[in-house]
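Q: First residue of the sequence shown: 1, per the numbering used here; consecutive thereafter.
No lab work stands behind these hints: they were computed from the structure.
Any given hint could turn out to be false.
Just the calculated beta-carbon pair ranges, DEER-fashion [stated by the list, open to error]:
{"no.": "1", "residue 1": "A97", "residue 2": "G27", "range": "33 to 39 Å"}
{"no.": "2", "residue 1": "L98", "residue 2": "A37", "range": "36 to 42 Å"}
{"no.": "3", "residue 1": "A92", "residue 2": "I31", "range": "39 to 45 Å"}
{"no.": "4", "residue 1": "I55", "residue 2": "I31", "range": "19 to 25 Å"}
{"no.": "5", "residue 1": "L69", "residue 2": "T35", "range": "38 to 44 Å"}
{"no.": "6", "residue 1": "I31", "residue 2": "A116", "range": "48 to 54 Å"}
{"no.": "7", "residue 1": "E6", "residue 2": "S96", "range": "38 to 44 Å"}
{"no.": "8", "residue 1": "P103", "residue 2": "A9", "range": "34 to 40 Å"}
Where is the CB? At the ideal position from N, CA and C, for every residue including glycine.
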Amino acid sequence: MDALNETIAKYGSSESINTDQGSQFTGSTWITTLTHAGARISMDGRGRYLDSILIERLWRSLKPEAIYLEEITDGFQARRIIKDWITCYNTARPHSALDRQIPDDAYWAGLEEQKAA
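The whole structure should be built from the sequences, with the hints applied where relevant.
A: Next up, the structure:
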């Protein structure tokens with residue numbers, strides 16, 4: 001709650017907040033704070049898995065391939081490890097969802113197609 005209150009005080013409230021249905025997000029204090037801040041509350045539920053499927057897939061790969069392999073001692077090290085992994089993920093690793101293309105290659109090819117159209 002301290003982090004939520006600090007965030008709202010510093011940056012204002014989002015139009016919409018999407019969380020899962022964990023007890024920390026269904027408590028009356030959380031709901032009341034967001035309601036008073038004017039945020040629309042969305043909780044993942046039946047049929048809502050698509051809301052966060054891309055980030056869930058990313059975390060499903062990042063954690064065992066990078067995070068869990070290191071003894072991370074501070075935020076600087078964590079940032080470096082995550083940055084290195086994401087760089088590899090985007091510039092060197094073929095993805096099945098992209099017909100085995102590397103994301104950077106797929107992105108730039110898509111831009112070229114848009115220019116040609």
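Q: Now tell me, hint by hint, if it's right for this structure.
A: Here is how each hint holds up against the structure:
1. A97 to G27: 33 to 39 Å: holds (37 Å)
2. L98 to A37: 36 to 42 Å: For L98 and A37 the Cβ distance comes to about 39 Å; the hint holds.
3. A92 to I31: 39 to 45 Å: holds (44 Å)
4. I55 to I31: 19 to 25 Å: The hinted range 19 to 25 Å holds for I55 and I31, with Cβ atoms some 23 Å apart.
5. L69 to T35: 38 to 44 Å: holds (42 Å)
6. I31 to A116: 48 to 54 Å: holds (50 Å)
7. E6 to S96: 38 to 44 Å: Distance hint for E6, S96 holds at roughly 40 Å.
8. P103 to A9: 34 to 40 Å: This hint holds: roughly 37 Å between Cβ atoms.
In this structure, every one of the numbered hints holds.
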